[in-house]
Amino acid sequence: MREYKIVVLGSGGVGKSALTVQFVQGIFVEKYDPTIEDSYRKQVEVDGQQCMLEILDTAGTEQFTAMRDLYMKNGQGFVLVYSITAQSTFNDLQDLREQILRVKDTDDVPMVLVGNKCDLEEERVVGKEHGVNLARQFNCAFMETSAKAKINVIDVSIKISYNIFMCMRVCIFYIVDSTVKHQSIFYDLVRQINKKSPEKKQKQKKKSLCALL
Numbered sequence: 001m002r003e004y005k006i007v008v009l010g011s012g013g014v015g016k017s018a019l020t021v022q023f024v025q026g027i028f029v030e031k032y033d034p035t036i037e038d039s040y041r042k043q044v045e046v047d048g049q050q051c052m053l054e055i056l057d058t059a060g061t062e063q064f065t066a067m068r069d070l071y072m073k074n075g076q077g078f079v080l081v082y083s084i085t086a087q088s089t090f091n092d093l094q095d096l097r098e099q100i101l102r103v104k105d106t107d108d109v110p111m112v113l114v115g116n117k118c119d120l121e122e123e124r125v126v127g128k129e130h131g132v133n134l135a136r137q138f139n140c141a142f143m144e145t146s147a148k149a150k151i152n153v154i155d156v157s158i159k160i161s162y163n164i165f166m167c168m169r170v171c172i173f174y175i176v177d178s179t180v181k182h183q184s185i186f187y188d189l190v191r192q193i194n195k196k197s198p199e200k201k202q203k204q205k206k207k208s209l210c211a212l213l
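Those letters in the sequence shown? Residues 1 to 213, per the numbering used here, in order.
Because the hints were derived from the structure by calculation, they are not lab data. Heads up, a few of these hints could be off.
The calculated EDC-like cross-link candidates involving lysine to aspartate or glutamate, where the alpha carbons are at most 20 Å apart (straight line), are [what the hints assert, rightly or not]:
1. 195 - 47
2. 196 - 108
3. 196 - 95
4. 196 - 54
5. 128 - 69
6. 73 - 98
7. 73 - 3
8. 196 - 105
9. 196 - 38
10. 5 - 107
11. 195 - 54
12. 104 - 69
13. 195 - 69
All values reported here derive from a predicted model rather than from experimental measurement.
Whenever a hint applies, use it, and build me the whole structure from the sequences.
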């Protein structure tokens, strides 16, 4: 079974932990408790193949930013999260992406841009069109989610696995069948990773037969 290392990044308080726990455990974490580093594992099926996701939920506070280089070096796919209710969290994403590209030393990195807390529409300060435009600039997939209302959490996992160049779309939010939608973010990253680094099949060693004359 192939394993995938996915890193969830974003400013403090945007809902990274809530998004991750909702996907892995199916529950919403009400209390905000700043994360230093939490790792989760979940076995899922993507395109008929069983795979193990190792999801690293990282700190969003400044005192832990020095640890990000290590996360980025080891990560295969990235979820960049901001809150639609806080402009500063959206502004921080440009620097985050540039840091990822610097550490990975490539412009072709599987990632998904996520605007969280879309259930708080009355508090929105970052328009959906801004998320769409930034995703186009990043050449990555985009969606808005709500870990609390279970909107599109699974969609993030599915999007993480789609190829970056095939995933550009604005998502329509359906609360019905929300479990499937929440997973898509991470499933999409799996598909992106597969396209960029296909699993190497072990070649069977052929035994050579020597004939003695």
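Cross-check of the supplied hints:
no. : hint      : in the structure
1   : 195 - 47  : holds, 13 Å
2   : 196 - 108 : holds, 8 Å
3   : 196 - 95  : violated, 23 Å
4   : 196 - 54  : holds, 18 Å
5   : 128 - 69  : violated, 29 Å
6   : 73 - 98   : holds, 13 Å
7   : 73 - 3    : holds, 16 Å
8   : 196 - 105 : holds, 14 Å
9   : 196 - 38  : violated, 26 Å
10  : 5 - 107   : holds, 18 Å
11  : 195 - 54  : holds, 18 Å
12  : 104 - 69  : holds, 9 Å
13  : 195 - 69  : violated, 24 Å
Checked against the numbered hints above, the structure violates hints 3, 5, 9 and 13; every other hint is satisfied.
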